[in-house]
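**Q** Our numbering applies: residue 1244 is where the sequence shown begins, and numbers increase by one.
Rather than coming from a laboratory, the hints here were simulated on the basis of the structure.
Backbone N, C-alpha and C define an ideal beta-carbon position, used for all residues, glycine too.
Treat each hint with caution, since some may be false.
Said to hold, decoys possible - Now the in silico label distances, taken between C-beta atoms and shown as ranges:
id, residue 1, residue 2, range
1, L1258, S1370, 18 to 26 Å
2, N1330, N1301, 44 to 52 Å
3, S1363, I1294, 33 to 41 Å
4, N1348, L1302, 46 to 54 Å
5, N1248, L1385, 14 to 22 Å
6, I1393, H1284, 21 to 29 Å
7, I1305, W1369, 32 to 40 Å
8, A1354, L1302, 48 to 56 Å
9, I1374, G1400, 30 to 38 Å
10, A1354, F1297, 39 to 47 Å
11, N1348, I1246, 51 to 59 Å
12, I1266, N1301, 34 to 42 Å
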Amino acid sequence: MIIRNWITLLFFISLISISSALIAEYFFNLQPCELCLKQRHPYYLILICLILIFLFKNLNKIWFYLVIQFASVYGLFYSIWHVGVENKILKGPAGCSAMLTNSENTTELKAQILSKQVISCDEVIWSFYGISAASINTLVLLVIFILNAIYLFKYYGSKKEKNI
1244 MIIRNWITLL
1254 FFISLISISS
1264 ALIAEYFFNL
1274 QPCELCLKQR
1284 HPYYLILICL
1294 ILIFLFKNLN
1304 KIWFYLVIQF
1314 ASVYGLFYSI
1324 WHVGVENKIL
1334 KGPAGCSAML
1344 TNSENTTELK
1354 AQILSKQVIS
1364 CDEVIWSFYG
1374 ISAASINTLV
1384 LLVIFILNAI
1394 YLFKYYGSKK
1404 EKNI
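The task is simple: from the sequences and hints, build the whole structure.
**A** As C-alpha cells, then:
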C-alpha cells in the first residue's frame, strides 16, 4: 500500500519536512547553520519533481524518480555529515552562516556582524527526545531513499521479456 501511494506519501513527507524547517526558522527564530540549509535542497527538488509528475501525466516518470533518488543521496551526505559534526566526529565547513547582506561600508558590515548571531554547525539548536533535527532528517532521507528504490525496482526494474 505504501509503494502504491508512494507519490502522495513522498509529497507529504517532503512538504512536512521543509515546512517544519521553515516554521522553526521564521516563527521560532531557530536560525539554520550552513549544513542545515544544504539539507533543505533535496526537499525543494523532490517537491518540484512531484509537481511536474502531477502536472504532466504523459511524461516518462522514471527520470523524475531517479532525480529523487539522487536528491536523497545528496541530502543523506549532508545530513550524515551534520550528525558527525554535531557529535564531534567530523569537521564542519570552514564558515558558519551568519546570513550577512552586502554592505556599502565597513560601519554597516560591523553593525550586521554584531547584531547577528553566528550559527555553528556543531551545536544542536533543536532536538526531540535527545535526537537532533539533523539525525531526524537523516532517518527521513534514508526512508525516502529506500522506499524510492523499492518503487523504482517494482515499477521499472522488474520488467521481464515476454516470450511470444
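**Q** For every hint, state whether the structure bears it out.
**A** Okay, the hints, checked on the actual structure:
1. L1258 with S1370: 18 to 26 Å: 22 Å, holds
2. N1330 with N1301: 44 to 52 Å: For N1301 against N1330, whose Cβ atoms are near 47 Å apart, the range 44 to 52 Å holds.
3. S1363 with I1294: 33 to 41 Å: For S1363 and I1294 the Cβ distance comes to about 35 Å; the hint holds.
4. N1348 with L1302: 46 to 54 Å: 51 Å, holds
5. N1248 with L1385: 14 to 22 Å: 19 Å Cβ-Cβ, so the 14 to 22 Å window holds.
6. I1393 with H1284: 21 to 29 Å: At roughly 23 Å between Cβ atoms, H1284 and I1393 fall inside 21 to 29 Å, so the hint holds.
7. I1305 with W1369: 32 to 40 Å: 36 Å, holds
8. A1354 with L1302: 48 to 56 Å: 50 Å, holds
9. I1374 with G1400: 30 to 38 Å: 33 Å, holds
10. A1354 with F1297: 39 to 47 Å: 46 Å, holds
11. N1348 with I1246: 51 to 59 Å: 58 Å, holds
12. I1266 with N1301: 34 to 42 Å: Holds, at about 36 Å.
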